[in-house]
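Undergrad: We have chain H already, so just place chains F and U on it with the hints.
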Amino acid sequence: MCRAVGSGTTAESASDTGDDGVKPPPFAYHAPRTEEEALATLGALGEDGKVLAGGQSLIPLLNMRLAAPPALVDLARLETLDRIAVTDTHVRVEARVTHERLRRDERVAAAVPLLRQALDWVAHPVIRNRGTSVGSIAHADPAAELPAVLALLGGWMQLRSVEGERTVEAGDYLLGPLESDTRPGELVVAATFPRPGVRTGTAFEELARRHGDYAMAGVGVRVTLDADHHVGDASAAFIGVGGTAIQVELTEVLRGQPYDALDKAEAIGLARASIDPTADIHATAGYRRHLAGVLLGRALETAVRHAAGQAPPDSGSAPEGPGPTESAAPGSAAPGSAATESAPTGHASGGYREETA
Amino acid sequence: MTTRMVGAPVARSEDPRLLRGEGRFLDDLGHDAYQVAILRSPHAHARILDIDVTDALEVDGLIAIHTFEDLPPRLQQPMPLLIPHPALTAGRTQYVLADGEVNHVGEAILMVVATDRYAAEDAVERITVDYEVLPAVVGPENALAAAQFVHEEIPDNVAAHLQQTIGDAPRAIAAAPHTLEFRLDIERSASTPMETRGTYARWDADDRRLRLYTSTQAPTSVRAAVASFLELPLAQVECIAPDIGGGFGVKIMHPWPEEILVPWVARELGHDIKFVEDRREHFISSNHERAQVQWITVGFDDAGRVLGLDVRFIHDHGAYIPYGLIVPIITSTQLIGPYKLENYRVTFDSVYTNTVPVTPYRGAGRPQGCFAMERTIDRIARHLGLDRTQVRGVNFLQPEELPYDFGLTFQDGRPYCYDSGDFPASLAMLKTLIDWDGFEQRRAAAAAQGRIIGIGMAAYVEGTGVGPYEGGHVLVEPGGKVQVATGLSTQGQGHQTAFAQIVADQLGVAFEDVEVVTGDTRRFQYAVGTFASRAAVMSGNAIHLAAVKVREKALKLASDALEVDVEDLELAEGRVRVVGSPDTSIDLKVLATLSNPLRYAFDDSARIATQFATPADPDAPPVGDDEAPGLEATDYYSPVRSTFANGMHAVEVEIDPETSDIRILDYAVVHDCGNLLNPTIVKGQVLGGVAQGVGGALYERMAYDDHGQLQNASFMDFLIPYATEVPAVRIDHLETPSPLNPLGIKGAGEAGVIPTSAAIAAAIEDATGIVIDAMPISPSQLHERRLARPVTAGEGTP
Amino acid sequence: MSTTDHAATATTSPGGTPSGTDVEVVVTVNGVPRSATVPARRLLSDFLRHDLRLTGTHVGCEHGVCGACTVLLDGAPVRSCLAFAVSIHGREITTIEGLAADDGTLHPVQQAFQDEHGLQCGYCTPGFVMSACGFLADEPAPDDQTIREGMSGNLCRCTGYAGILAAVKQAAGALRTTGADPRAKHDPAAGGQR
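Residue numbers (this note's numbering), protein chains in the order written: chain H, 10 to 366; chain F, 60 to 857; chain U, 1127 to 1320.
Any given hint might turn out to be false.
Claimed, not checked - Straight-line alpha carbon distances no greater than 20 Å define the calculated SDA-like cross-link-like pairs of lysine to any residue that follow:
1) U:K1295 - F:R789
2) U:K1295 - F:P75
3) H:K273 - F:E717
4) U:K1311 - F:R76
5) U:K1295 - U:E1275
6) U:K1311 - F:P75
7) H:K59 - H:P35
8) H:K273 - F:D715
9) H:K273 - H:S283
10) F:K608 - F:D646
11) U:K1295 - F:A70
12) F:K399 - F:D361
13) H:K59 - U:T1147
14) U:K1295 - F:P786
15) U:K1295 - F:T739
16) H:K59 - U:T1143
17) U:K1311 - F:R79
18) F:K399 - F:F455
19) F:K608 - F:T739
20) U:K1295 - F:K399
21) F:K490 - F:G452
22) U:K1295 - F:E717
23) U:K1311 - F:E81
24) H:K59 - H:G185
25) F:K612 - F:V682
26) H:K273 - F:T718
27) H:K273 - H:G241
28) F:K399 - F:Q223
Claimed, not checked - Which residues of chain U face chain F? A few of them, derived with a C-beta cut under 8 Å, are:
29) R1179
30) Q1240
31) H1243
32) G1279
33) T1285
34) A1288
35) I1290
Said to hold, decoys possible - Where chain H lies over chain F, by a calculated footprint (3+ residues, C-beta under 8 Å):
36) 170-181
37) 333-340
38) 766-777
39) 834-847
The set of hints was computed from the structure by calculation and includes no laboratory data. Ideal Cβ placement from N, Cα and C applies to all residues, glycine included.
Pulled out of the complex, with its shape left as it was, chain H reads as follows (with noise of 0.2 Å):
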């Protein structure tokens, strides 16, 4: 259950436990020092390269030998990637930015709050010092949090080769457990989150065998108000209950509810019967199924608390930002003049200065 490997590895260490290491086999090394370099090695290494970049789910696999990537191309030395995009639109993630450096930037947590919800509960600080949040999704752990965080939202996958560049949103990205949609050749280049609109509120749940463990269930929840502060729209993203995060939209069975009195019990029922749950050793599936939809019910009322705590009813002084369906296109969402980007800097003094473009 503990993120290092992901989730989805249990039964294939289980039924392979004999002889198997813990040192990882060879491969060819890449570092390339350009994105050009990147993408060039990526080409030419099709189906045998593998991008390194945090490693904190790539490394496991590799030294238990349960991956043995011909070749590995790792994104430390890159000089670029590494930049956060804060716009009046969206948050826009690249590919070597860490877990911990999204969570802890303020404009991201101003921006999108859902971002610092789910990534608290990611592992631990020590883990999210070098994990990416880019390839956390790129793994597509059904268990793992940011990217139920990409489909609650909305947002979309960048990936780049010497072919070109597409874009690709969440809901076609994850296929399944640890199965996302980049292709032999390619290179996610970043994660883009669209902003969520006025008396929008989010909140992320779970619950875990140990603190920080991949959890037995969890519950992203994004819930739009209308102006007398009742449900207009709300949505659901399950992580760790089926192969992908598992989206329900809940606006049917919750629109017009006042957000102090909500009724879930529907939105909890039809969760419960949309998600697909397994048994393993930890939980059973019955459990995980009763688990989601307990989360489900109190992350929604964090959820509407948030989103009523962002304006008074009827007031309307709060800043008008487009809802998260109006974003710019997919695709469009290089950075603009309006954004504020960081790159690390300083890393010796293992703090992160800002920077503002």
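TA: Below, chains F and U alone, put in the same frame as chain H:
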């Protein structure tokens, strides 16, 4: 007098070195050694048909590959059955490498030697083994049902069947006003020290001498085993336990196959060889413990007094039984706890399964026994509607009844006899510490907020300081340092500190001047080992006795030198001085020089010593018949029987009404291990034990599937608690000194882990009303149990 | 800019280093430039322990769960078993050997571990100490729950954590008094520590 060290919370002298990263753990040694990787069975039960190493031969860095066939005849013999027992009629042990058949996932099949571990693993990966997979026996009940066999020649899968009795339990139960009958289950767990096993061998071809470093709790025994398998004179083998990164029982097992293979291949190849087990290997090749199924019948009166107790259990000892019946015998006896049982019958079958062997893990059968007894007491209380502490109270042995001999035979083959303790006093302390009587108010307040809380407790008695003996050597050097050695090893218990405290007090020297070495056969050759909470009791007392001898010798030497009666002398501040006139004194280091008739003046103290040299009696030899040169002594401590520590835990838990998540709100411990050598160290032992107990109660289980595959052979899925999962613990000590040894101490190493599962089960049961009869328990399991309501109290036959 | 130029390094154009080829890794460890030529697959933990012979960093699982191998990478705690040495070429590492003063005086975090009995066997200890140093740099005045969560992620099998948590609390106080960076080598003269 110098400030008394024994009993003081002295800071550990081990710490600065370890904190600076200067520890010398097994894998910190031998950087230039070749490394070993072991090919292990992926099947729980299989015949080996063929081994093909062809592809591995091309691996860069490969040095050698050995299978069973490549071993010399002595190494083709089965490993020793360390502790035979008359009831152990079908004992089987493994081979250092499998002889054609494997009986658990992880059993060693062949050994690869390479220039480093990376290359060794590359080679292992390229070796192909063909197996004929055989049906696997998994689970104690399946083993006893014996539809399949682990070992063909043992068709009932039973290694031993043993019964012990006090009085006539069946008759007492039949005559009792109330009886209950129920079943309990405890799953497998394991020691899982943070440092895995490891062995590093250096063969000196010039001296034909072997030096073996191994991460063990029993270096002297490993030495003897290696000398035997390698057919070397004992004098040519030295075995050293360097810093050990935790043991908790698993490293008392010896010899491990690698402890034989590594020195053998070092001699064969004439090169340093090292094996360091990886974490996954540790799960599938290092021993487990705990798993038992128990059936209990109890008869009792209206007050809850147990009139008769009949226990039958199956003990799952895995594929082999190298450590004999120690664990189930401890369960059988220690189950009794602090209670006066006059009619007791206990019967067990120790059965083979196709799983990792079972040998002691901290607690060693006691947590299972405590679970059985304490769950029984709770059921009685529930059945009668009595307070659980009250039922315990009526069953306690009273202080004036101690020592109390139950008439059973303990693990050491000696009478099962409690030496001291005051159980009613301990219970009173515990109730105060946790505010037991105020709990119903807390429960009501919590319920008003929609919260579910519960309280539980458990008591235990722990036989500690098991014999047969340990020894100690104390030497005052002419330079002034005091060198102390004992044969058993240290895995974090602070022996350097505690033993130095003992010696500092006896010799009146500074604590800082005492240097303690443990687990090095070059320094002390005879020892038993560090297990059964015995190190402080056994080696502590042995070192104490040796220090007393040195003290006497120093007094005699000083008496001669100062021409003062021994009765008028005292040891303090590193000197022997005249009581009342401390200016007349002599330095211990001068006495150390005086103690040796050969007195070359290498330094100042030697020059001073010569001034004291009294004219020798020309008719007597310089070293008398009952004398030896040197201010040193060796002594051994060998008790007639074990000393019994005891304690009680109480715990308050909260159950999330919706998720069934289990949170520990409060945890209280009352602990009685006699006199405390070092309260800080004892507290640390208890706290660490409780954390392991919490792990065993709520998180840790070895999850085997029906095919004998361990499904959670990693720290990802075998859930050792982090700091966030371990509660704050409050401890109170009662000190009833042991009458059995000079220091009045009892062991403390295992105490914390023994009652934890029982106490937490009781608290969960109290919170939810659901009878908790199996541990560990997870939120998911508790949820399923709550769904399966309603549960009625007082099951059984009134 | 987190990497520096070294002529003889692993970095290459698309050809890369073939499987099994050794590469030179240059890093600064405890303030001292160190280099070794190792295979690309050499884990940072093995590189420190066996190539640089800094054995204070321990390995307990080699799959990123136990935290015994924690070191500071450019001041932030990371698992050295979940990084390749070659990936940290040009960067700065602090290990347990880099904390005590030159005369052996313990760093405030180390001293607190002794004072509060925060270690028994000592195997997990270097990882805890390094994690604590990183944690205290971010949280100079943590409350008990913050400490508990901050130290979660490292496994200890001996202590039950109570002494460790107390030690972190003590160290936080000591470091606040002197204002010393918890990740820096201890300087008794500057710090006024014992």
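Undergrad: Each of the hints needs a verdict: does it hold here or not?
TA: Against the structure, the hints come out as follows:
| no. | hint | verdict |
| --- | --- | --- |
| 1 | U:K1295 - F:R789 | 18 Å, holds |
| 2 | U:K1295 - F:P75 | 19 Å, holds |
| 3 | H:K273 - F:E717 | 14 Å, holds |
| 4 | U:K1311 - F:R76 | 16 Å, holds |
| 5 | U:K1295 - U:E1275 | 13 Å, holds |
| 6 | U:K1311 - F:P75 | 15 Å, holds |
| 7 | H:K59 - H:P35 | 13 Å, holds |
| 8 | H:K273 - F:D715 | 19 Å, holds |
| 9 | H:K273 - H:S283 | 15 Å, holds |
| 10 | F:K608 - F:D646 | 17 Å, holds |
| 11 | U:K1295 - F:A70 | 18 Å, holds |
| 12 | F:K399 - F:D361 | 17 Å, holds |
| 13 | H:K59 - U:T1147 | 18 Å, holds |
| 14 | U:K1295 - F:P786 | 17 Å, holds |
| 15 | U:K1295 - F:T739 | 18 Å, holds |
| 16 | H:K59 - U:T1143 | 14 Å, holds |
| 17 | U:K1311 - F:R79 | 12 Å, holds |
| 18 | F:K399 - F:F455 | 6 Å, holds |
| 19 | F:K608 - F:T739 | 28 Å, violated |
| 20 | U:K1295 - F:K399 | 45 Å, violated |
| 21 | F:K490 - F:G452 | 12 Å, holds |
| 22 | U:K1295 - F:E717 | 34 Å, violated |
| 23 | U:K1311 - F:E81 | 16 Å, holds |
| 24 | H:K59 - H:G185 | 19 Å, holds |
| 25 | F:K612 - F:V682 | 13 Å, holds |
| 26 | H:K273 - F:T718 | 16 Å, holds |
| 27 | H:K273 - H:G241 | 14 Å, holds |
| 28 | F:K399 - F:Q223 | 16 Å, holds |
| 29 | R1179 | 6 Å, holds |
| 30 | Q1240 | 4 Å, holds |
| 31 | H1243 | 5 Å, holds |
| 32 | G1279 | 7 Å, holds |
| 33 | T1285 | 5 Å, holds |
| 34 | A1288 | 5 Å, holds |
| 35 | I1290 | 7 Å, holds |
| 36 | 170-181 | holds (count 4) |
| 37 | 333-340 | holds (count 3) |
| 38 | 766-777 | holds (count 9) |
| 39 | 834-847 | holds (count 6) |
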